[in-house]
Structures are given as structure tokens and as C-alpha cells.
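> Below are the chains, spelled out letter by letter.
There are 2 protein chains.
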Amino acid sequence: MDDTIQLRTIGVVRRDGGDGADGQAVLAVQPELRPALLGIEPGMRLQVMYWMHRLSDEHRRVLQCHPRGDRSRPLRGVFALRSPMRPNMIGSTEVDVKAVRDTEVVVTGLDAFDGSPIVDIKIAPRR
Amino acid sequence: MDDTIQLRTIGVVRRDGGDGADGQAVLAVQPELRPALLGIEPGMRLQVMYWMHRLSDEHRRVLQCHPRGDRSRPLRGVFALRSPMRPNMIGSTEVDVKAVRDTEVVVTGLDAFDGSPIVDIKIAPRR
Numbered sequence: 001m002d003d004t005i006q007l008r009t010i011g012v013v014r015r016d017g018g019d020g021a022d023g024q025a026v027l028a029v030q031p032e033l034r035p036a037l038l039g040i041e042p043g044m045r046l047q048v049m050y051w052m053h054r055l056s057d058e059h060r061r062v063l064q065c066h067p068r069g070d071r072s073r074p075l076r077g078v079f080a081l082r083s084p085m086r087p088n089m090i091g092s093t094e095v096d097v098k099a100v101r102d103t104e105v106v107v108t109g110l111d112a113f114d115g116s117p118i119v120d121i122k123i124a125p126r127r
Numbered sequence: 001m002d003d004t005i006q007l008r009t010i011g012v013v014r015r016d017g018g019d020g021a022d023g024q025a026v027l028a029v030q031p032e033l034r035p036a037l038l039g040i041e042p043g044m045r046l047q048v049m050y051w052m053h054r055l056s057d058e059h060r061r062v063l064q065c066h067p068r069g070d071r072s073r074p075l076r077g078v079f080a081l082r083s084p085m086r087p088n089m090i091g092s093t094e095v096d097v098k099a100v101r102d103t104e105v106v107v108t109g110l111d112a113f114d115g116s117p118i119v120d121i122k123i124a125p126r127r
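Here the protein sequences line up with chains A and B, keeping their order. Heads up: the first sequence is residues 1 to 127, going by the working numbering. Heads up: the second sequence is residues 1 to 127, going by the working numbering.
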């Protein structure tokens with residue numbers, strides 16, 4: 001088994017209104033990937049995968065955490081949590097599309113920080 | 001912006017019963033990551049991210065497809081689809097845990113092929 005996989009960043013998260021899932025964020029997609037946005041429209045729900053870039057390589061070695069950092073709760077494995085600390089720090093969040101402007105998709109509900117590299121965008125799964 | 005991100009494979013999908021989302025699959029996690037499974041139990045719902053390894057680099061350059069390969073339907077951007085063809089071929093699927101045995105998690109509902117490298121496991125988001 002090949003043990004490493006190379007991702008390319010397909011864009012970056014921009015948010016002027018500060019971090020946190022409140023408010024709008026912009027998915028600024030690399031210009032050469034604009035054709036991949038065809039069909040994205042306001043009202044759609046997308047799944048965005050991004051790299052949690054503010055963590056260090058040291059955080060990739062953490063295998064257990066207290067849920068939500070609460071030390072009164074017993075340790076759990078990172079694969080049983082959604083903690084950002086994990087071997088591959090990929091965040092995955094479903095968002096609502098508010099607008100599409102050229103290579104920018106304006107969304108709400110994204111918990112990524114300003115500057116986070118985006119690694120994939122998919123339509124959200126049906127439920 | 002750093003344009004590449006290195007992932008490590010955290011395990012591999014094993015399925016004896018053939019491919020497809022039907023039937024059981026095993027998430028065979030690398031032995032040194034066993035502590036990261038603490039707290040995973042039957043009945044839990046997990047989100048599994050895996051690399052769609054049977055596609056070639058050529059498929060990473062595809063930016064538009066016909067939905068489900070149906071040429072009667074208009075082309076759409078890959079970011080508006082869940083097609084496996086996309087710049088970073090990361091699959092993301094929610095599965096049900098049936099059993100945990102040492103470093104193996106037995107699940108149902110996984111649409112990954114036998115041999116797919118796993119890149120992340122998280123508890124599924126609450127809805």
C-alpha cells in the first residue's frame with residue numbers, strides 16, 4: 001500500500017466577518033477550475049472539505065482527546081470524535097450556497113478559518 | 001498558499017463479499033493508530049474518508065461530467081456532483097458500525113472498493 005497521497009489545494013476560504021460558523025464565507029476557487037463549478041446555484045447544499053491549516057504537524061500525532069477539550073470527560077480516540085486533531089486534518093462541513101460570482105461561491109454554515117485551503121467541494125449527499 | 005498537502009493513509013478498506021455499498025466492509029486501521037479507535041462501538045455512525053484509488057491521474061483533470069454518466073443529461077461541474085472524478089479523489093460516506101475487533105471496524109453502507117486507502121474516520125455529524 002502506498003502510504004502517502006498528494007492533494008492539491010483547489011481554492012481557499014475567505015471570510016471578512018471573522019471566524020466561526022456564523023456569517024458568510026467565500027469559497028475562492030482557483031481560476032483554472034472554474035468549469036468545475038458549473039451547476040452550483042443559490043439554495044444548493046454543498047459538502048466542503050478543507051485543510052485545518054492552523055494546526056501544526058505535532059497535532060497530527062494526537063490520537064486521543066477529551067471531547068470538546070473537557071477534561072471531566074474520559075479520553076476518546078480521535079476517530080470517534082470530530083476534533084481537528086487527527087492524522088489527516090481534513091474538515092468536512094455541509095454549507096448552504098447563497099451566491100455564485102465567477103470563481104467565488106458565497107456560503108453560510110462553514111466552520112473553516114479564513115485562509116484554510118479547500119481540498120474538495122461536492123454536492124451534499126441526499127438524506 | 002502552499003499548493004500541495006501530504007496525506008498519510010491511516011488504513012485500508014477490506015471487503016470479502018465484493019464491491020458495492022451492500023454488505024459489510026472492514027476498516028483495517030494501521031496498528032500504531034489503534035488508540036485513535038477508543039470509544040468506537042457497534043451502533044455508532046461514522047464518516048469515512050477514503051481515496052478512490054482505482055482512478056488514474058488523468059481522472060483528476062476531469063472538470064465536468066454528465067450526472068451518473070447519462071449523456072442525455074447536461075454536463076455539470078464536478079464540484080456540483082459526487083462523481084469520483086475530481087481534482088482530489090476523496091470519497092466521503094457515512095457508515096454504521098457493526099463490530100470492533102482490535103484494529104478492525106466492521107461497517108455497513110460503505111461504497112469504497114476493496115483496497116481503498118482510508119484517510120480519515122470521524123464520528124458522523126449530528127443532524
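Since the hints were made in silico from the structure, they are not lab data. It cannot be assumed that every hint is accurate.
As the list claims (entries may be wrong) - Heads up, simulated SDA-like pairs for lysine to any residue below, C-alpha to C-alpha not over 25 Å straight-line: (1) A:K98 <-> A:Q24; (2) B:K98 <-> A:R126; (3) B:K98 <-> B:I5; (4) B:K98 <-> B:G17; (5) B:K98 <-> A:P67; (6) A:K98 <-> B:R127; (7) B:K98 <-> A:P125; (8) B:K98 <-> A:Q24; (9) A:K98 <-> B:C65; (10) A:K98 <-> B:R126; (11) B:K98 <-> B:L38; (12) A:K98 <-> A:P67; (13) A:K98 <-> B:R15; (14) B:K98 <-> A:P74; (15) B:K98 <-> A:R76; (16) B:K98 <-> B:R34.
> So which of those numbered hints doesn't the model satisfy?
3, 8, 12 and 13
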